[in-house]
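S.K.: Note that the protein sequences, when read in sequence, are chains A and B.
Note that the numbering used here numbers the first sequence so that position 142 is 142, with each residue one more than the last.
Note that the numbering used here numbers the second sequence so that position 33 is 1033, with each residue one more than the last.
Just so you know, these hints were derived from the structure itself, not from any lab.
Mixed in with the good hints, there may be bad ones.
Okay, derived cross-link-like pairs now, DSSO-like style, lysine-lysine, Cα gap no bigger than 27 Å in a straight line [claimed, not checked]:
#  : chain 1 : residue 1 : chain 2 : residue 2
1  : B       : K1013     : A       : K2
2  : B       : K1002     : B       : K1072
3  : A       : K80       : B       : K1072
4  : A       : K211      : A       : K201
5  : A       : K3        : A       : K19
6  : A       : K70       : A       : K10
7  : A       : K70       : A       : K80
8  : A       : K201      : A       : K176
9  : B       : K1077     : B       : K1013
10 : B       : K1013     : A       : K10
11 : B       : K1013     : B       : K1002
12 : A       : K191      : A       : K201
13 : A       : K70       : A       : K191
14 : A       : K3        : B       : K1013
15 : A       : K80       : A       : K211
16 : A       : K70       : B       : K1072
17 : B       : K1013     : A       : K80
18 : B       : K1002     : B       : K1077
19 : B       : K1013     : A       : K19
20 : A       : K10       : B       : K1072
21 : A       : K176      : A       : K80
22 : A       : K3        : B       : K1002
23 : A       : K201      : B       : K1077
24 : A       : K2        : B       : K1002
25 : A       : K80       : A       : K3
26 : B       : K1072     : A       : K19
27 : B       : K1013     : A       : K211
A partial selection of chain B residues facing chain A, derived with a Cβ cut-off under 8 Å [as the list claims (entries may be wrong)]:
#  : residue
28 : P1010
29 : L1051
30 : R1068
31 : N1069
All of these numbers come straight from a predicted model, not from anything done at the bench.
For every residue, glycine included, the Cβ atom is placed at its ideal position computed from N, Cα and C.
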Amino acid sequence: MKKTSRQLQKEQTREFLLKTAYEYFSEHGILNTRMSDIAQAAGVSHGTVFLHFATQEALVTEVVETYCGKIALRTHELAKSCTSIQEVLSAHLEGIQEYEPFYTRLVIENRLLPPAARDAWINIQSAVSFHFGRVLERTRGEKQVAALPVSALFNLWIGLIHHYLANGDLFAPDGKVLERHGDTLIEYYMKLIHYETEEEKHGREAHESQKGEMLLRAPWREAGRSAF
Amino acid sequence: MKTCISCGMPMTKPSDFPLEDESKDYCVYCARPDGSMQSYSEKLAGMTGFLIRTQGLDEEAARQLAARNMAKLPAWKTTAAD
Chain A
1 MKKTSRQLQK
11 EQTREFLLKT
21 AYEYFSEHGI
31 LNTRMSDIAQ
41 AAGVSHGTVF
51 LHFATQEALV
61 TEVVETYCGK
71 IALRTHELAK
81 SCTSIQEVLS
91 AHLEGIQEYE
101 PFYTRLVIEN
111 RLLPPAARDA
121 WINIQSAVSF
131 HFGRVLERTR
141 GEKQVAALPV
151 SALFNLWIGL
161 IHHYLANGDL
171 FAPDGKVLER
181 HGDTLIEYYM
191 KLIHYETEEE
201 KHGREAHESQ
211 KGEMLLRAPW
221 REAGRSAF
Chain B
1001 MKTCISCGMP
1011 MTKPSDFPLE
1021 DESKDYCVYC
1031 ARPDGSMQSY
1041 SEKLAGMTGF
1051 LIRTQGLDEE
1061 AARQLAARNM
1071 AKLPAWKTTA
1081 AD
């Protein structure tokens, strides 16, 4: 059945309110925002917002479900053809970078959100952990990654990224945490989880012992100027 | 684009479908080896196991999350309400 112009207009207003709320939440926080803030930002009456969303909880839930769905889908699209952990991590960061201010609000506020909204947030992690686990299982036989459970390796990564995002004001005051630190964090994480072969171990130990001897012979040590 | 009625995964390529049969409405991860769709309890156990294995969730928290997610999907809307 064809929709009437009144129905179409109602749908458009709803879409517009969702987008306005998404932008407002990204900038000001989710739970700090009142329905009247959204009405004002959208240039509509308070009553119009209530017509579409009976409660603040309903509005928050729908915005978070809608945009978490988009982020999960985008991450899935980027990660599905990845064949290495490093590629999955890059795809993950690329997927969330498009939504960084909103995603950061979710990192900070997710525990306080309505249950359905929080579930939608966890579903983003599942979209990433699915591909992370898939690639990890495939590369296990090649002994490239430390012998730890998938969940430990995944949570180590998520914890790292979320710590940087949650404290973005300290790591990148301009607000672009992933642009500034993303590549470095991938590099450090990959080094951290790298499985050390016997050959690499011997090479590292030889290098460390050589470095130790050089330090012992350092002129400033002989001159007794060391502060240590 | 088709979305799996059982787990919600987008299905975009033949290998996403059970036995590469693109007429199916459920994905390869929701199928049994013979291509038929897993039951509610099989899928619930599978999703719970996935959450524990990849994200380290507590077993009961994982089961409840999986059940809430399944309740929103077309294949299980009625089952979950029973």
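S.K.: Run through the hints listed earlier and report the numbers of any the structure violates, in increasing order.
M.R.: 1, 8, 10, 13, 14, 15, 19, 23, 25, 27
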